[in-house]
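**Student:** In case you want the letters, here they are:
Protein chains: 2
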Amino acid sequence: MDYIDGGVCAAKGFTASGIHCGIRKNKSKRDLALIYSEKKASAAGIYTLNLVKGAPIEVTKKNISDGTAQAVICNSGNANTCNADGKEVAEKMCVLAGKALNISPSDVIVASTGVIGVPLDISPIENGMSDLAANLGSNNSRDAAEAIMTTDTAVKEFAVSFKLDGKECKIGGIAKGSGMIHPNLATMLVFITTDAAISPDLLHKALYSDAQKSFNMISIDGDTSTNDMVVVLANGMAGNAVIDEENEDFNTFKQALAMVTEKLCRAIAKDGEGATRLLECCVKGGKDWITAKTAAKSVVCSNLVKSMIFGADANCGRILCALGYSGADIKPEKTDVSYESEKGRIDVCKNGIVIPFDEDKAKEILLCDEIKILVDLKDGDECAVARGCDLTYDYVKINGDYRT
Amino acid sequence: MDYIDGGVCAAKGFTASGIHCGIRKNKSKRDLALIYSEKKASAAGIYTLNLVKGAPIEVTKKNISDGTAQAVICNSGNANTCNADGKEVAEKMCVLAGKALNISPSDVIVASTGVIGVPLDISPIENGMSDLAANLGSNNSRDAAEAIMTTDTAVKEFAVSFKLDGKECKIGGIAKGSGMIHPNLATMLVFITTDAAISPDLLHKALYSDAQKSFNMISIDGDTSTNDMVVVLANGMAGNAVIDEENEDFNTFKQALAMVTEKLCRAIAKDGEGATRLLECCVKGGKDWITAKTAAKSVVCSNLVKSMIFGADANCGRILCALGYSGADIKPEKTDVSYESEKGRIDVCKNGIVIPFDEDKAKEILLCDEIKILVDLKDGDECAVARGCDLTYDYVKINGDYRT
Numbered sequence: 001m002d003y004i005d006g007g008v009c010a011a012k013g014f015t016a017s018g019i020h021c022g023i024r025k026n027k028s029k030r031d032l033a034l035i036y037s038e039k040k041a042s043a044a045g046i047y048t049l050n051l052v053k054g055a056p057i058e059v060t061k062k063n064i065s066d067g068t069a070q071a072v073i074c075n076s077g078n079a080n081t082c083n084a085d086g087k088e089v090a091e092k093m094c095v096l097a098g099k100a101l102n103i104s105p106s107d108v109i110v111a112s113t114g115v116i117g118v119p120l121d122i123s124p125i126e127n128g129m130s131d132l133a134a135n136l137g138s139n140n141s142r143d144a145a146e147a148i149m150t151t152d153t154a155v156k157e158f159a160v161s162f163k164l165d166g167k168e169c170k171i172g173g174i175a176k177g178s179g180m181i182h183p184n185l186a187t188m189l190v191f192i193t194t195d196a197a198i199s200p201d202l203l204h205k206a207l208y209s210d211a212q213k214s215f216n217m218i219s220i221d222g223d224t225s226t227n228d229m230v231v232v233l234a235n236g237m238a239g240n241a242v243i244d245e246e247n248e249d250f251n252t253f254k255q256a257l258a259m260v261t262e263k264l265c266r267a268i269a270k271d272g273e274g275a276t277r278l279l280e281c282c283v284k285g286g287k288d289w290i291t292a293k294t295a296a297k298s299v300v301c302s303n304l305v306k307s308m309i310f311g312a313d314a315n316c317g318r319i320l321c322a323l324g325y326s327g328a329d330i331k332p333e334k335t336d337v338s339y340e341s342e343k344g345r346i347d348v349c350k351n352g353i354v355i356p357f358d359e360d361k362a363k364e365i366l367l368c369d370e371i372k373i374l375v376d377l378k379d380g381d382e383c384a385v386a387r388g389c390d391l392t393y394d395y396v397k398i399n400g401d402y403r404t
Numbered sequence: 001m002d003y004i005d006g007g008v009c010a011a012k013g014f015t016a017s018g019i020h021c022g023i024r025k026n027k028s029k030r031d032l033a034l035i036y037s038e039k040k041a042s043a044a045g046i047y048t049l050n051l052v053k054g055a056p057i058e059v060t061k062k063n064i065s066d067g068t069a070q071a072v073i074c075n076s077g078n079a080n081t082c083n084a085d086g087k088e089v090a091e092k093m094c095v096l097a098g099k100a101l102n103i104s105p106s107d108v109i110v111a112s113t114g115v116i117g118v119p120l121d122i123s124p125i126e127n128g129m130s131d132l133a134a135n136l137g138s139n140n141s142r143d144a145a146e147a148i149m150t151t152d153t154a155v156k157e158f159a160v161s162f163k164l165d166g167k168e169c170k171i172g173g174i175a176k177g178s179g180m181i182h183p184n185l186a187t188m189l190v191f192i193t194t195d196a197a198i199s200p201d202l203l204h205k206a207l208y209s210d211a212q213k214s215f216n217m218i219s220i221d222g223d224t225s226t227n228d229m230v231v232v233l234a235n236g237m238a239g240n241a242v243i244d245e246e247n248e249d250f251n252t253f254k255q256a257l258a259m260v261t262e263k264l265c266r267a268i269a270k271d272g273e274g275a276t277r278l279l280e281c282c283v284k285g286g287k288d289w290i291t292a293k294t295a296a297k298s299v300v301c302s303n304l305v306k307s308m309i310f311g312a313d314a315n316c317g318r319i320l321c322a323l324g325y326s327g328a329d330i331k332p333e334k335t336d337v338s339y340e341s342e343k344g345r346i347d348v349c350k351n352g353i354v355i356p357f358d359e360d361k362a363k364e365i366l367l368c369d370e371i372k373i374l375v376d377l378k379d380g381d382e383c384a385v386a387r388g389c390d391l392t393y394d395y396v397k398i399n400g401d402y403r404t
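From first to last, the protein sequence lines are chains E and X.
The first sequence begins at 1 in my numbering and counts up by one.
The second sequence begins at 1 in my numbering and counts up by one.
Calculated from the structure, these hints are not laboratory results.
Some hints here could point you the wrong way.
No distinction is drawn between identical chains; accordingly, a pair holds when it is met within one copy or between any pair of copies.
To be verified - In silico BS3-like pairs for lysine-lysine, Cα to Cα no more than 25 Å straight-line:
#1 K263 with K39
#2 K331 with K87
#3 K378 with K61
#4 K61 with K331
#5 K334 with K87
#6 K331 with K62
#7 K334 with K61
#8 K27 with K287
#9 K378 with K87
Only a predicted model underlies this, so the values are computations on that prediction, with no experimental measurement involved.
The whole structure should be built from the sequences, with the hints applied where relevant.
**Tutor:** The structure is reproduced here in structure tokens:
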């Protein structure tokens, strides 16, 4: 399996486009994305668990309920959430896309990201639709990736080629991470396309199981958005035998999916609002997966740990503290902690006791762009990795100052 | 019931002192506090639920297990946590205090706050003990309150006078809030004294039930410290009939206790690290207490809400979002949200839909020092109030930059 270029257009039969239609004031910022599959595709999605849900979530869930879809339309600049006419507008977006692509509106996945509680004016989308469809092309994944960005500072697109049943397959995705332009919710949107042939049920199974170790293990600020959505379209154009049971091919597909989602997750975490460093907490020795996962997430979610990583301060008491209050059933008196980055590794805690360590070496390690906090619970064999970022002045600035 | 001066020395028979003994480098900062009761007192404590616990917690729990105590010793500048010799040092502090006061070491409550994982040198405490005891006085509550402060910017002491059984009683407390000087854990320490006569069992019952609505409803940064402790000493010197059942006097005592703890909680929240505003989320209409409490806490814990309060930005989507992911069983389509401060009140969300409102008025309200977010779930009769503060550049600075 190899990483390749092409993002959501890497897989056969997929085209994409991204334009500025006028939802956002800044004309140099694309704000409307379209992804289209030549053939109707198996489709699977996972959504935010927030009880307050964006209107597009509701419409997408309905449209995907038959296990198929053929296009994705997504705007940035407005989340279309907590508005009286939200559902109506989201449905209208599907109708407009369906008309432009000559497909049924019920085969369109719709997503929105941006400010909450401001009605989304459909007219710029209506006016832009023919341009958007006309620009569909197999080299335009990047345009679509740009059009879904809000306060993201980097385009996030990755693709992988792999073999199934002797056939060359591809899978690729784009994502927007935690950020907002008109300040609101940190929304995560991920769109993945593949030409592998796989049934809707197994596609959902693969996505759901992958997300437990990928998207559900990222935290930027602990706030779960109203609009989070990850969808996969699989159009089968690679010509492999359809995966409809949990066989060897299914495992291969899951590996390829994981290669894409891991890259997307690292990119999302590293580009968290205001972030200067990627923080990964790798827990091993958990007595079960829940323990390892809960411990790892607690560390990357702690504001005290995140602030300390910003300051490259090696104070490991905060890590022990976050492990202790995580709710995970850990044994503090067995727990070891180390820091690791490209500059090396240093042990700072053995059996729950802080040990003397070289502060200069620790500082050198923590000043890198990508930091790992290694935790060994020494209480079993389960591992988990959680990803996040540091907490910086800029996080506060982005989220406090916008309308001030 | 009236607020009075005197803090932990307001109640009959209690004296206090606070000195600089040398644990902290800054000689103008007191770092060792003592509270003493002429008579052995009923004692009750509640402690952090963090699995990683400071050594003093363990020793205090043991000393208080018979329901009585006579003194409190507390240092700032070092948490005595995650050290190999932690328990030994905490016990030594009790022995030293016991000797100086001529009481049993097992009647001494011990607490520490400050950096984790650095051994606590007992010698400055040993050398300072005779001074500390010599300075005990009934006007020195403030000295003790200063000596337990870390990054706190304001002394926190309150007292109330009330009547039980025709006798004048007093209850008063001091607290340190969320902050650290050598950057580490946000520890909350609260010491309360009263001359009311109450059995250890009912004292514990009163403290435990009060804490559910007071201390357990504060959040500065979501990090639960390893050293949190709230203890009450009741020496009975007011001469009232001992409260040993849940009678009218017990209710009166609980009211007086609540008057002190509410003030302490507001002071702790308002003085959160880097905070510029006190944030209170008042939820009503919950179908049960858990629902109201969970919803209120989620709002004051949200980094997005906290950042927006710093920026005085009226974006109520973030509040709906925090309610939605709280885990509380709320009905978004029924939920109303308003902002309130001394400048007035403004409604911003009705039945889950953001309504048009006067942005200038909202800004005026949010620029005050004390802000209330009012949430009406319209799904029952239960209320809850959670307290926190805004998230500011200074929070990040205090917690990221210290050793940089």
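**Student:** Please go over all the hints and tell whether each is borne out by the structure.
**Tutor:** Against the structure, the hints come out as follows:
With identical chains, the CA atoms of K263 and K39 are never at most 25 Å apart, being 27 Å at best within one copy and 66 Å at best between copies. For a Cα distance limit of 25 Å, the shortest separation of K331 from K87 across copies, 18 Å, qualifies, whereas the shortest one inside one copy, 49 Å, does not. For the identical chains of this complex, K378 and K61 are neighbours neither inside a copy (42 Å) nor across copies (28 Å), given an alpha-carbon limit of 25 Å. For a Cα distance limit of 25 Å, the shortest separation of K61 from K331 across copies, 20 Å, qualifies, whereas the shortest one inside one copy, 42 Å, does not.
In this homomeric assembly, K334 and K87 come within 25 Å of each other (Cα to Cα) only across copies, at 17 Å, whereas the closest approach inside a single copy is 52 Å. Within a single copy, K331 and K62 get their C-alpha atoms only as close as 45 Å, which misses the 25 Å cut-off; across copies the closest is 21 Å, which meets it. In the homo-oligomer, the alpha carbons of K334 and K61 lie at most 25 Å apart only across protomers (23 Å), although the nearest pairing inside one protomer, at 45 Å, exceeds that limit. Taking the shortest Cα distances, K27 and K287 never come within 25 Å of each other, neither inside one copy (53 Å) nor across copies (47 Å).
In this homomeric assembly, K378 and K87 come within 25 Å of each other (Cα to Cα) only across copies, at 24 Å, whereas the closest approach inside a single copy is 50 Å.
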